[in-house]
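Participant: The lines below spell out each chain.
2 protein chains.
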Amino acid sequence: MIVSALLTSVGINLGLCVLFFALYSVLRKQPCNLKVYAPRLVAEGRAGQRSHFNIEALLPSAGWVRRAWQPSEDELLDSCGLDGVVFNRIFIFCLRVFSVAAIIGIFVLLPVNYLGDHLRDIDFSDLPNKSLDLFTISNVKDSSNWLWVHFSAAYFITGVVCYLLYTEYKYISNKRIAHFSSSKPQPHHFTILVRDIPLHGRSSLSDTVETFFMDYHPSDYLASTVVCRTSKLRGLICENFGANCIGVMSQKSQDNGTDTENLYRRITHLKSIPSSSQNQSHTGFLGLFRKNDDLMGHYAKKLEDLEQNVRLEQSDISAGREEVRAAFVCFRSRYGAAKALHIRQSTDPTEWVTEHAPEPHDVYWPFFSTSFTQRWISKLVVVVASVLLIVLFLLVVAFVQGLTYLEQLEALLPFLKNILKITVVSQIVTGYLPSLLLHLVASLVPPIMKLFSAMQGYIAISEIEKSACNKMLLFTIWFLFFANVLTGSVTSQFQIFLDPKTIPERLAVAVPAQASFFIAYVVTSWTSLSWELNRTIAFIGDLISRHCSKTTDDEFQIPSIPYYSEIPRVLLFGLLGFTYFLLAPLILPFILVFFCIGYIIYRNQLLNVYQPKYDTGGRFWPIVHNTTIFSLILMQIIAVGIFGLKKLPLASSLILPLPALTLLFNDYCRKRFLPIFHDFAAETLIKKDREDRNDPAMEEFFDKLVTAYRDPALMPIRHSTNSNDHNSPLLSSKV
Amino acid sequence: MIVSALLTSVGINLGLCVLFFALYSVLRKQPCNLKVYAPRLVAEGRAGQRSHFNIEALLPSAGWVRRAWQPSEDELLDSCGLDGVVFNRIFIFCLRVFSVAAIIGIFVLLPVNYLGDHLRDIDFSDLPNKSLDLFTISNVKDSSNWLWVHFSAAYFITGVVCYLLYTEYKYISNKRIAHFSSSKPQPHHFTILVRDIPLHGRSSLSDTVETFFMDYHPSDYLASTVVCRTSKLRGLICENFGANCIGVMSQKSQDNGTDTENLYRRITHLKSIPSSSQNQSHTGFLGLFRKNDDLMGHYAKKLEDLEQNVRLEQSDISAGREEVRAAFVCFRSRYGAAKALHIRQSTDPTEWVTEHAPEPHDVYWPFFSTSFTQRWISKLVVVVASVLLIVLFLLVVAFVQGLTYLEQLEALLPFLKNILKITVVSQIVTGYLPSLLLHLVASLVPPIMKLFSAMQGYIAISEIEKSACNKMLLFTIWFLFFANVLTGSVTSQFQIFLDPKTIPERLAVAVPAQASFFIAYVVTSWTSLSWELNRTIAFIGDLISRHCSKTTDDEFQIPSIPYYSEIPRVLLFGLLGFTYFLLAPLILPFILVFFCIGYIIYRNQLLNVYQPKYDTGGRFWPIVHNTTIFSLILMQIIAVGIFGLKKLPLASSLILPLPALTLLFNDYCRKRFLPIFHDFAAETLIKKDREDRNDPAMEEFFDKLVTAYRDPALMPIRHSTNSNDHNSPLLSSKV
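Chains U and Y supply the protein sequences, listed in that same order.
First residue of the first sequence: 19, per our numbering; consecutive thereafter.
First residue of the second sequence: 19, per our numbering; consecutive thereafter.
This is chain U alone, in the form it adopts within the complex:
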């Protein structure tokens, strides 16, 4: 790629960004779009709905930037939980790191590269047609002493990053402890999940659990809830309402994770349709809901049957016939729960296995419904599916890579020859299209990864998303980075690991060759950030639903931020920044711009759009830390290779202590901070327990705690009463 192509790409993307920003600021001001752009504010009743027309509302403004910038971290914590703060800290951390990196890169490394002797040609006249390679390390002469500048830069940036990583880890772990200390009593602090409860002849599982814990933890034990297999019940509900459910839920299918809650809401919603459609004279825009009136009688019958079936099934389950060998056990104190959690309970280590209980609304109930064999098979399926996904994606990447080389594309599709000869088209195709395609295809992967993780048998949605986050990281790093760098067949890519000695050298050859591709990729990513700001898909969906169905659906769902896809995406740019820091420092300012835009946009979205679905207490940070360490090590390995290729063996050997030191640093951080992200110390727990001891509200809390972990599928009585209240006259006559 030449400089002018890069400039074209930057121009297009900057233009698009400004356009999208202006569009957003206008759209946001329209009251009808509030549900798309500020669902949180609407839900919390903080969105002032202006009814009178205002010319100001049609002019773009930057007020939203100020409003996103202003809130302090404590306000962010209150509104988005610690996970939101951690997500925000990723940007702050990256901004700090890449400010330093960009200063060194642009003012030290770039001049050294450009003035290098290798392709030397001190002639600024024809800059637009110069290759970007002039700005990379490949322009420096072999065994030139100027390479020691790169060498020092590698040591310097590693030091800076490690220092910042340490302070950030410390800051977030202190935040985590402070967050816990200031939190109200919460069910999952007092509860553990016990699995593999042994079966004792005739006595029921609940009796076994009760006896065991009353015996060994008499002073701490409060109550227990044995988990039931409710898949039949779920099946029953889904089967009957299948068609309707799918229609109603399709829009929210992205977060269809688990919630029977949702299902029930849908059911009651469906129930409410007949009565509401009688009251209001609305009919569907396309007549989609016309048949409602005719179907009334049919539905009433169906609903009655279902309710009857569900009730029968529930009584079956309550009678203990479908109990799973797992139970949520609640204790009177946090320390009591910790004792049962950390000390192995049974002489047989495969019985009474304890683990942290997730928050009640974070439990992934379907997991309990599957049997051990089913889970084992699902795991195998996940492996096979992952392999298929890998192969599929490698094909896509190979095609995308082809686009950056016009000749290959022309050879492949000869009829495009004439079109591609137009300068603008060819510049768009080489500079913009490949990375746009990559962005698009990559956006398909997160839901698949989440599905895979859900099949693996985690008991909490947060765990599923954490696991999906790790999968996405692997995917992102491998497919967006390595697959682009190590061109060639799939097998030849993996063969690099069979010959570990040549890794640095191969990377040192391959990585710089793709510098221009990744610069273009970073630039394109600015636009994809504006997409996120505009919530394009949600906006279009809302538009269609408003104009087509015209039902006034008061109950809209507030989306939650998909950390599992956003964190790896952000971290990829960190990886790119580190790996190209020495090789092609030109990428750094573009990455810095990405993080600046990202910082504002995500703060805005966190405050206005997304509602936290769970609170892991910042447990995503260790993932960020590890990825950064990995990126550093990768940078250092490439440096070893580069100095080797540039015939400076002394520098190549002297860089070797750097990865060792980085790993030592990582090891220290693992010891110093990681345990804090796993569980809280006795000190903290006991202090919290003592604070609560004299709190009169605790009795009430314990009363609620006893029923906090009941499977929502087993709690229809609440829904029934709900429906009795206002929703379902049909049922109330029956009950």
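Hints are computed from structural coordinates only; laboratory data are not their basis.
Check the hints yourself; a few may be wrong.
Copies of the same chain look alike in the list, so a pair counts if it works inside one copy or between any two.
Said to hold, decoys possible - Okay, derived cross-link-like pairs now, DMTMM-like style, lysine to aspartate or glutamate, Cα gap no bigger than 25 Å in a straight line:
id, residue 1, residue 2
1, 193, 366
2, 706, 238
3, 706, 96
4, 397, 709
5, 706, 377
6, 689, 93
7, 159, 685
8, 705, 366
9, 705, 238
10, 193, 369
11, 706, 341
Keep in mind the model is a prediction, meaning the values are calculated, not measured.
Model the placement of chain Y on the given structure of chain U, informed by the hints.
Facilitator: Chain Y alone, transformed into the frame defined by chain U:
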């Protein structure tokens, strides 16, 4: 090697064995040797000292075999602790495995090999001059269908071994739990070691510990003992008594591990010399102790000074000036200790780090004296020293290997040419000398490994020996197996790991080539077992000391069995058995004989000679289990290579699931049994605590517990009173 050479070797070794056994049975009957051959019995007063001369005592008999055979496992447990039982179970396990293996090997694989077509020559006439290769798998024709017999044997033996491993693991973990349940209250069950106690301004460490545990564990906390840095004290004692100490202790330098106890004993012993030499008219055989009388006055002065210095130093230490940031914290219940152990105490994971306390007499006190930097440096030193040891040993092995090829030796040392032409000499040199040399050199390594482990900073002697055991295993497997198999330079040996794909093939070529060497090695090991029975070194040492010094030293030390050298040695034969099971089944009967002899000899030694120094409760078994799994996997990898070489690719691929299954089995065992060897379950602990609750003896136990973990260097008052009682009139006049 040809058959006749093997027979020579077997003959020599069998003869030596019988000779040594006879010698033992005669020597053992002599009352003067009782301290060498039955020190335990002497110490326990169970050795009937016959004074009248008896002709029977000069005739060899097999009574000791019967006496070693008879005791049941419970009797063994009572007398040697669970570690002794585990050591015994290794032999039982190996006997079972290799009985099955030998039956298959001799009656199925050996005929198949011998009748193989490759070197076929159905002619039993000249058997003694046939090469041993006739009995190995190399005799089977390429891609012969007979190889499927070997294939099935691999699957069969893996199944048998896994089944036996599982039952053995289960048996030993049940034993461990039962042993704990039936044990009396012991200090280390109620105690934990706390390290990295934070320093709080003015308050002393003991106050900090007291405050912390009284605050967070008020109901469980009993007392704490802050560890002091006593290196100065130790130095003081050693400096003053250096010369004498070395002289007196040289004999016991092997177990010089730690004990200041010992030092004090030596001091009092020295003190007793003047008075006793005045009373008795004995003088040293060689006049070694002649000068005692002249030195009396000098010594008296020195002793006074020392006592004064020691007392000053102790009062310094007691005043808390030399406290280490570590303390032994005692609790009122086992469960209380477990709570503090398993739940992280402090918000900062690097403070208040808890770990299991060893038995009081198992604590390695010098460790606490070294500072953090010293320990860090020692670790580095250990690494460097290990590397040096590796290089040194590879040279030795290379020389020993040369001996099996007479031509090489003749080329190297041409003047031996004539001697080597004598048949007997050449047979001894090829069949016996190499393995004898290897045995000898290998016997030097265990003390070095133990020294290395001691430098690494373990807090218990048992931990040091466990770590030394692992080091020895690595050493044994690498240097006695791989270094012999993979001939060539050190670098070429390690390069095999850089090219993992070729490992099976290279092993399949190299391992069978060394079959005859290892058969000879196994046969030689019989004799080394008889050395163990005769305790040759101890016997000679005793003989010399009895005839030279003639002091009636009533206080003799009972040796403890060095598990760290014996277990790896035994396990090596298991490894050899597994790897050569398919390749050269001829080795199996010899290995079986080894385990039979070993079983009897070690039972005899455990019952009569060795006194257990500590009780890990069978924690050596997981090491045995892991090594066996490793041996199995190695066998399977070699099988993959062999079937590949023999051009039976189908078998080569079909064997691949076998290592996967073995690893799965190992994973299951890790989950099912390993936690039992780390700590006991809440269930077990609480049951034990309840049993003790009404025991009136517990108060007395707790009183003792408070002082159980005092550094012996700080307890001289006892020694002083001792000396006042009877030993040192010199001092008593002063005090």
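Participant: Between copies, within a copy, both or neither: which fits residue 397 and residue 709 at Cα up to 25 Å?
Facilitator: Neither: 44 Å inside a chain and 45 Å across chains, both beyond 25 Å.
Participant: Can you tell me if residue 193 and residue 369 fall within 25 Å by alpha carbon in one copy, between copies, both or neither?
Facilitator: between (36 Å within a copy, 19 Å between copies)
Participant: Between copies, within a copy, both or neither: which fits residue 706 and residue 96 at Cα up to 25 Å?
Facilitator: within (20 Å within a copy, 48 Å between copies)
Participant: Are the CA atoms of residue 706 and residue 377 at most 25 Å apart within a copy, between copies, both, or neither?
Facilitator: Classified as within; 18 Å inside a copy, 35 Å across copies.
Participant: If the cutoff is 25 Å on CA atoms, where do residue 705 and residue 366 land: within, between, both or neither? Let me know, please.
Facilitator: Classified as between; 15 Å across copies, 33 Å inside a copy.
Participant: With identical chains, the pair residue 706 and residue 238 could be close in the same copy or across copies; at 25 Å between alpha carbons, which is it: within, between, both, or neither?
Facilitator: both (15 Å within a copy, 20 Å between copies)
Participant: Which holds for residue 689 with residue 93 at a C-alpha limit of 25 Å: within a copy, between copies, both or neither?
Facilitator: neither (31 Å within a copy, 45 Å between copies)
Participant: Can you give me the call for residue 706 and residue 341, within, between, both or neither, at a CA distance of at most 25 Å?
Facilitator: Neither: 34 Å inside a chain and 32 Å across chains, both beyond 25 Å.
Participant: For the identical chains here, do residue 159 and residue 685 meet the 25 Å Cα criterion within one copy, between copies, both, or neither?
Facilitator: For residue 159 and residue 685, the Cα distance exceeds 25 Å both inside one copy (37 Å) and across copies (53 Å).
Participant: Please work out whether the CA atoms of residue 705 and residue 238 approach to 25 Å or closer within one copy, between two copies, in both situations, or in neither?
Facilitator: Both: 16 Å inside a chain and 17 Å across chains, each within 25 Å.
Participant: State whether the alpha carbon distance between residue 193 and residue 366 is at most 25 Å within one copy, between copies, both, or neither.
Facilitator: between (38 Å within a copy, 13 Å between copies)
The structure fails hints 4, 6, 7, 11 (numbered hints given earlier, in ascending order).
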